[in-house]
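> One line per chain: the protein sequences are F and V, in this order.
Read in order, the letters of the first sequence are residues 1 to 249 in the working numbering.
Read in order, the letters of the second sequence are residues 1001 to 1528 in the working numbering.
Honestly, the hints are just simulated from the structure, not real lab data.
In this text, all values refer to a predicted model and were calculated from it rather than measured experimentally.
Note that the Cβ used here is the ideal one computed from N, Cα and C, for glycine as well.
Heads up, some of the hints might be wrong.
As the list claims (entries may be wrong) - On the chain F side, residues computed to face chain V include the following (Cβ under 7 Å):
1. Ala25
2. Val115
3. Asn132
4. Pro146
5. Met164
6. Ile171
7. Ser197
8. Phe198
9. Cys200
As the list claims (entries may be wrong) - Just so you have them, the derived chain F footprint on chain V, three or more residues with Cβ under 8 Å:
10. 1132–1142
11. 1177–1187
12. 1295–1303
13. 1312–1319
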Amino acid sequence: MKWVVKGIRTGIKTTAYPREAERAAGVTPGLPDEGAFAAEATALVERCPTQALSQTNGTISVDYRRCIHCYRCVRGVAHPLNWQPTYEWGGAGAASPLQNALGQPFQRSIHVLVVDAGDCGACLNEVRQLNNPYYNMHRLGFFITPTPRHADVLLVVGPVTDHMRVALKKIYDAMPTPKRVVAVGACALSGGVFAESFVCAKGVSDLLPVDVEVPGNPPPPLAILHGLLVAVGRTPPVALNSVPSVPGR
Amino acid sequence: MDCTELKQLIEAAWPGRARCRFDAVGRMNEVNCERALLADLCRRLFHEWGFGFGGLIVEENAQQWQLRYVFYGARDAGWVHVLVAAPLADKIFPSIVTEAKIFAADWHEREAEDMFGVIFEGHPRLGDFVLHDDVWQEGVEPMRHGFDAAAAMRNRLPDTDWRPRRVVHEAGAFVMPIGPKFSGVTESVHFQLETVGEDVIRSWTRLFYKWRAVEKLAEGKAPDDALLVAERFAATTAFAHGLAFCLALESIGGVAVPARARALRVFLAELERLRQHAGAIQEICESTALVVANSQAGMLEEDLLRVSGELTGHRYLFGLLAPGGLLCDLPTEACRKALRDSKAVVAQLDELERRLTISSSFLDRLEEVGVIWLQTAKTYSLVGPVARASGLARDLRRAQPYSGYESFDFDVPTEEEGDGYARLRILFAEARQSLRIMEQAAAALEEGNVRATVNFRSGAALGWVEAPRGATFHWVRLDDGGRISRYRVVTPSFTNWHSFHLAAEKFAFQDFPIILSTFDLSVAENDR
Chain F
1 MKWVVKGIRT GIKTTAYPRE AERAAGVTPG LPDEGAFAAE ATALVERCPT
51 QALSQTNGTI SVDYRRCIHC YRCVRGVAHP LNWQPTYEWG GAGAASPLQN
101 ALGQPFQRSI HVLVVDAGDC GACLNEVRQL NNPYYNMHRL GFFITPTPRH
151 ADVLLVVGPV TDHMRVALKK IYDAMPTPKR VVAVGACALS GGVFAESFVC
201 AKGVSDLLPV DVEVPGNPPP PLAILHGLLV AVGRTPPVAL NSVPSVPGR
Chain V
1001 MDCTELKQLI EAAWPGRARC RFDAVGRMNE VNCERALLAD LCRRLFHEWG
1051 FGFGGLIVEE NAQQWQLRYV FYGARDAGWV HVLVAAPLAD KIFPSIVTEA
1101 KIFAADWHER EAEDMFGVIF EGHPRLGDFV LHDDVWQEGV EPMRHGFDAA
1151 AAMRNRLPDT DWRPRRVVHE AGAFVMPIGP KFSGVTESVH FQLETVGEDV
1201 IRSWTRLFYK WRAVEKLAEG KAPDDALLVA ERFAATTAFA HGLAFCLALE
1251 SIGGVAVPAR ARALRVFLAE LERLRQHAGA IQEICESTAL VVANSQAGML
1301 EEDLLRVSGE LTGHRYLFGL LAPGGLLCDL PTEACRKALR DSKAVVAQLD
1351 ELERRLTISS SFLDRLEEVG VIWLQTAKTY SLVGPVARAS GLARDLRRAQ
1401 PYSGYESFDF DVPTEEEGDG YARLRILFAE ARQSLRIMEQ AAAALEEGNV
1451 RATVNFRSGA ALGWVEAPRG ATFHWVRLDD GGRISRYRVV TPSFTNWHSF
1501 HLAAEKFAFQ DFPIILSTFD LSVAENDR
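Excised from the complex, chain V in its bound form (with noise of 0.2 Å):
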């Protein structure tokens, strides 16, 4: 499939039907289709055409709404935009959860149902998700412009009875409710395991405790306001959500970042996902309580902590990057010190992936545990290392590279097996793969400025990255005064919390913290 080729191919099949408009630089195809058509277009991309799903972005425009469905694929395919309109009083629209089977676009639909009371015909489950019912009523639509929140706030009408659904298949089972508050240092979500006793059978899971509005919250905001938001809605990946609303808002404003600022972005973005991956190694190691390898990886976390620390000031990189660049230069020196400190750290974590993946016991906790198959993936449409470890070997890096990583040389490693133990490898295998882009983004600083001026014009744009966990999307739109309209974040824990339960099926107790840690989920990052 090439992205030039598609235009034909979408107005040979729907003549007259779906207008298609091709932008070469950004290498998209636009498509505006009849409601109709919606689920047939989406049905051959992404089961026929093999793109895979980014997401559902809602926007309401003085007279109408318009619904785009985020389409990507690898690097020659490029992105699909599909396009669907309707007045606003019409507010009904197909499912392609279940007209398409495209399982990815269910919380999205969802989402946007709880948002803008945007209805979609035929969806099984809409209804208490991201508002909950036990604080919110039904009917109550945050993201629409004429939202009154302080109204909203006054008639507020709390169902103190409600409870969620407990669903029961089996003869005598019962269900064990987690949480939110469970365990020792943990993010608050609630859980639902069907159990029979020793076994779960099943297990439902329930988010946004942690609902803090972000993209409500952004809009009216300036850019740079907006940037401390989305640096600090998901802080253990600040600078991967940073960086790809700045990106989206220097792509509407037409701007080319300097390129000493294009790598030492690149730096930072590898540093953190190597430091990402050390916390996820390390929560892994803690929930096998494997005590030494949980401490000698808990140091490696917190000598990258470290490293940040030392190289931007920051542990977790919030100050630094500016919408046209950068807002501070970093000495070269300094990046080279942080390489050789990551260097010793990756040498470390080499020779501990050596001694567990001798530890018969560690093994037995991990190997066909939270299988999770290249099928489910796929429809799914799963992200960063918990696709790849299913062999779905999917990187926004090398598909569609953005801020000059088509420069660099690395490997996206994949595995087969798709188990806990496949995951756990794959976090060591990009770890060296950080590293690696690391040493040539060092070796690529050239001297120069690292801010370009953004006009912050009117438009909209898709800024995208490969943050640790896995693609993420901002979705950015600027009115005429330069501010945000609308801003919409899909992260990668909200793709992958979605076929979560799926892992977390037919399991003993005594796995669940195991196939929890090896998805490196992010509850603030699906709950923004």
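Extracted from the complex, chain F is given alone in its bound form (with noise of 0.2 Å):
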């Protein structure tokens, strides 16, 4: 009885998102911005260790799906690369440019079945706050399942190590159709710094079709919910390797 008095006494804690912007602090590590830095480009392209930044004419664009977090853009620059606090970043994949997004049927209750392939464990613990009363999945309509069949979204993590291939096969093969796969982080998307090695792929699309790429190492909560609200249609992708720079985005 104690315990159910402390949970009402704690109030209602739950993001408004989707259906207003989270403005918390700390809820995003942010991702690089694109714009013009004439003389600076060449010298930031090249301290990038994964190759996400590319430049024509002094003009940067980012590969979101390769970038890693190491900050080598901002810190320990003169003029450092513009970072945006955002979180929307759910993509759409190479394999399916999804004109077909799981739609109305699955709109009120789709279970996810989440996958680690080779994760260090940040991106999984993201995937876990989704539980918690901050972000509350399960008022979305999503649910956590631990079987394939009940799976309508495969969720992976990790780069996918040689040693999960199998088991990350004969669990998409089980899944029943329409089935959607959601691959959460750089190392999901690009194999980020493991890649591509004698014990690992480049990422989820070497084995399986990608539906929605979440980029981000790790990718914060409001991100992965985003990715799955992708997933089902509820919102369009955004662009992974061309985004707008600011203001307008």
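Reassemble the complex: the two chains are provided individually, in unrelated frames, and hints are given to aid placement.
Here it is as structure tokens:
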């Protein structure tokens, strides 16, 4: 009984997202923004360890799939790149341009199977946060399921290690159709710092068709939530390799 | 035992057969010994002189193998590195597991056999470990310098019929396989539980589904690039591992890190410990299905993630460390705000603890569950909250201080029972100590720069940190060009997973998630 009283006294802590933007501090690490840096562009691009940055005529563009949040384009440089504290990062995967989002019948009840294919623990921890009262994914009709037979969405974190290939493939094959694959985190999208080695693929798309991509290292819970909303078709995907520079985003 | 006396002690015990070099700055005795002497020397160090086993570091030099057994003791005892060398063609070494009864070295020897093809004579179970036999055939030695990854992948002979051994000891028992994918949001690991129905008799863990060959990946990289990997292979404790890596580099380069950077590092390391402990407490509440407590603890973890995010930009403290200090300075005022916010969270953790300790249904599920006795903790050289809950008061911040921890005032909480409840109490007590250290670190912030220049010259050194889950050791060797030629990581999860099956013995099925959560083990940290 004491616990019940404690729970009620705590009040509602849940974010208003996606109805309203979440403005609390520290909910997202942000991502670098594109822009013109005539003199510095080359130096910044060279500092990027994963080739997420590129430049044409001094204008920097960012491949968000590759960004591992090392902050080397911000910290320790004279003219840092601008970072935006955004979190709506769910983009369409290369394999499926999402003409076929799960759609109406799935809008209110989606069962998500989470598979760790070599994750460092951070992406998984951020997925776990979706169940705490701040994010409470249940209110949007998302449920975690332990079995592929009940799953509509396969959420994969990690770069896909060789030792997990067979398990991941079996899980995917065991899911009923229609099914969607959401790849979460830089490692699942590009292999991150682990790609591409003799024990590691460079992301989920090496093995499975990826429908939704959520960049970030790790993506914050709100970004993963956005990715799930994209998978169902409740919100449109964003572009992941050419986002317009501020303002207007 | 005092490190200055050890040299005489060893040279008197084995005259002419063990050469001892004492390094007063590092408080380290480096002992070169014959192979025949190895087991005897290790046995004395471990069983008679009370040293803990840190890890085994295998290095392949131009002409010879060099095996480095790292032991560490209480403050005065310092470090002992036992070195054994042999020509490359001669790959057989004595197993200190069987000959010296140092079970803590068991997984180290198995890993070395898998990675280098080095044989440990007398070890009862070499084979399928890091490299899974259903993916790689025996004889692949990926950590050898001449390893040709492309050829190895081309010539791979996966044994698709391979199945884990299903050993059943009791009459009428069967084996219940769990994983690698199991339950809700969990890391990939495989368990085999031998059961007769309701009760589980024994468990067996198969790890390394997530092996990313981090040690191989780092080879040939510039230290700055390898740091990215050190931070990212187990990101729930990213700062601790990044710090251990940086400390090793700074030790090679002989750099003094500026005072402000040292204090900030301590502040951030304790913030990470606080957050990780809150996360572990949340998982314990979740495993016992105490819904409100689970929600409360979950919010506190998220609060601390947000504190980290607001202070540093990144919720898991990426991109802050640099060899020689920090990549960027943090404003003192922002640190004070983070401290105030953390204080509020710890006050709520205290309240949560008070409530949990009077919830009898909750305590019933934790008490006398998953017991690790002090003797087991010693034999397996366990680390972190797991060891301290069993009465082994081992904490590198106190025993072998780094980054200025010697000037901080804090307690190392210990418990005696070694059960799930003792481990939970340790987590709460350590969270309070972390806050205490953060307060002192924030007060100690003096103005100044946060980064010294490190000259990456050739050499090797050990960096160590008391990570949230326990002691972590990072051995780094740089070649003449200043690039990594050997990187060896010993993580607390690797050390503690080794003993997990002893806690998961003779229990009821529904206790399994509880035992697992009170151990707070990371698979990513183990698998690397």
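> Run every hint past the structure and note whether it holds.
Going down the list of hints, with the structure as the test:
Residue-level restraint check for Ala25(F) holds (minimum Cβ-Cβ distance to chain V is 4 Å; threshold 7 Å). Annotation: interface hint on Val115(F) holds; nearest CB of chain V at approximately 6 Å, less than 7 Å. Restraint check, Asn132(F) versus chain V: the minimum CB separation of about 3 Å is within 7 Å; hint holds. Satisfaction of the interface hint for Pro146(F) is found here, the shortest Cβ-Cβ separation to chain V being roughly 5 Å, below the 7 Å cut-off.
Against a cut-off of 7 Å between C-beta atoms, the interface hint on Met164(F) holds, since the closest Cβ of chain V lies about 5 Å away. Because the smallest distance between the Cβ of Ile171(F) and any Cβ of chain V comes to about 6 Å, under 7 Å, the interface hint for this residue holds. Interface restraint check: Ser197(F) against chain V, minimum CB-CB distance 6 Å, threshold 7 Å, status holds. Restraint check, Phe198(F) versus chain V: the minimum CB separation of about 4 Å is within 7 Å; hint holds.
Interface hint status for Cys200(F): upheld, as the beta-carbon distance to the closest one in chain V is roughly 5 Å, under 7 Å. Counting residues of the segment 1132–1142 of chain V whose CB falls under 8 Å from any CB of chain F gives 4; the rule of at least 3 is met. A stretch counts as covered by a chain when three or more of its residues have a beta carbon under 8 Å from one of that chain; for the segment 1177–1187 of chain V and chain F the count is 8, and the coverage holds. Residues of the segment 1295–1303 of chain V lying with their CB closer than 8 Å to a CB of chain F number 6, which satisfies the three-residue condition for coverage.
Look at the segment 1312–1319 of chain V against chain F: 6 of its residues bring a Cβ nearer than 8 Å to a Cβ of that chain, three or more, so the hint holds.
Against the hints set out earlier in the document, no violation occurs for any number.
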